[in-house]
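Participant: Sequence:
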Amino acid sequence: MFIKRPLTLAMAALALAGSTVAASVPAEAAGYTTGGAIGFLYNSQGRTLGAPTSNEYSGRADRVQNFRYGLIYWSSATGAHSVRGGILGEYRSNGSDAGKLGLPITEEKPTVGGGVYQQFKGGIIYWTASRGAHATLGAIRSVYAQTGAERGPLGFPTSSEISARNAGASFVYQNFEHGIISWNGVGVPVFNEDPGHAHVVFGDFYKEYLAAGGAKVVGYISNNEGTSQPDATGAFSVAGQWFQNGGIFYKAGAGVHYLPNAWLDGVSDTDLEALGYPTSGVHAVAGGTAVTFENGSVALGPDGKFTVTLSTPSPTPTSSPSATPTPTVQTGALKGSLVPSPASITRR
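Under my numbering, think of the first position of the sequence shown as 1, with each following residue one higher.
Check before you lean on any hint, since a few could be wrong.
Unchecked claim - Pairs of lysine-lysine, DSS-like flavour, derived with a Cα cap of 27 Å: (1) Lys216 / Lys305; (2) Lys121 / Lys109; (3) Lys121 / Lys100.
In short, the hints are calculated from the structure, not lab data. For clarity, every value in this text was computed on a predicted model and none was experimentally measured.
Hey, can you work out the whole structure from these sequences and the hints?
Facilitator: As structure tokens, this is what we get:
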């Protein structure tokens, strides 16, 4: 126990004589004491938290003590753990021990890239010098762990959870260095708790997602990326992923492209099957906008109708050179349909 009062001459003499009563007490700790499990941890860490700035007091379901550079929390279930620095700031912004994170269950631990993390009952807070501190919680945390967390393709979190609304739907998402995870649990009573409603986008699909406008335009992620069976080298020939307002599709040689639902719904199933995979996104052309496909193109005119041009080669006689493609044109208004080719992808 540490005692904080001005030293009398007699106490000073005892200290000089080897007494441990006051000689090791920080000068700024006057009036506050440490003891029990909190005091043991404080001393075992070399008092790096600085002098106590309060005595122990009751938290939500625990005991807490404030120090100059952090706090120590104790409960019978979790033991004593300190929280400090940038992680403490993020912890406080999430409600501290009364928030979703709950009590700390570990100390800070080092991880890749010079980062550190700390586990809490309800999630984890990550900190890096370049990205700061950000918590991962609930279903988003579960999916993040499935991808390998900070050691996986997403890297470290770069934001806390962000609440969004798009086309009447509410959802939450979190940014990471190389992707995002979104959660959309319509009808789920507990916000961001069901992992089945959380999905991730990363890699080239993430780049296309951002290029198309991100959460504000494309909306939430409806499923995880689906792929064909890998070849002998482990590469995928086709892949696709659905979002609130459209889909992103990939085929070797065709690239990665986002198509809004309006374009997917505005073309018949038969035409989409014949067109194959997109080789461009929506782009401006004379008189409107268009998308090119492996086997043709679709144009949207100012009248709101879609014109489908299918490149259909004429039959090639065995005794003559190949014929040049003969385009066929079809038109139609929005009808609402699926995408046969991308929909046939085997999804994880």
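Participant: Each hint should be assessed against the structure and marked as holding or not.
Facilitator: Taking the hints in turn, this is what the structure says about them:
1. Lys216 / Lys305: Since the Cα atoms of Lys216 and Lys305 sit roughly 25 Å apart, the hinted pair holds (cutoff 27 Å).
2. Lys121 / Lys109: holds, 16 Å
3. Lys121 / Lys100: Within the cut-off at roughly 8 Å; holds.
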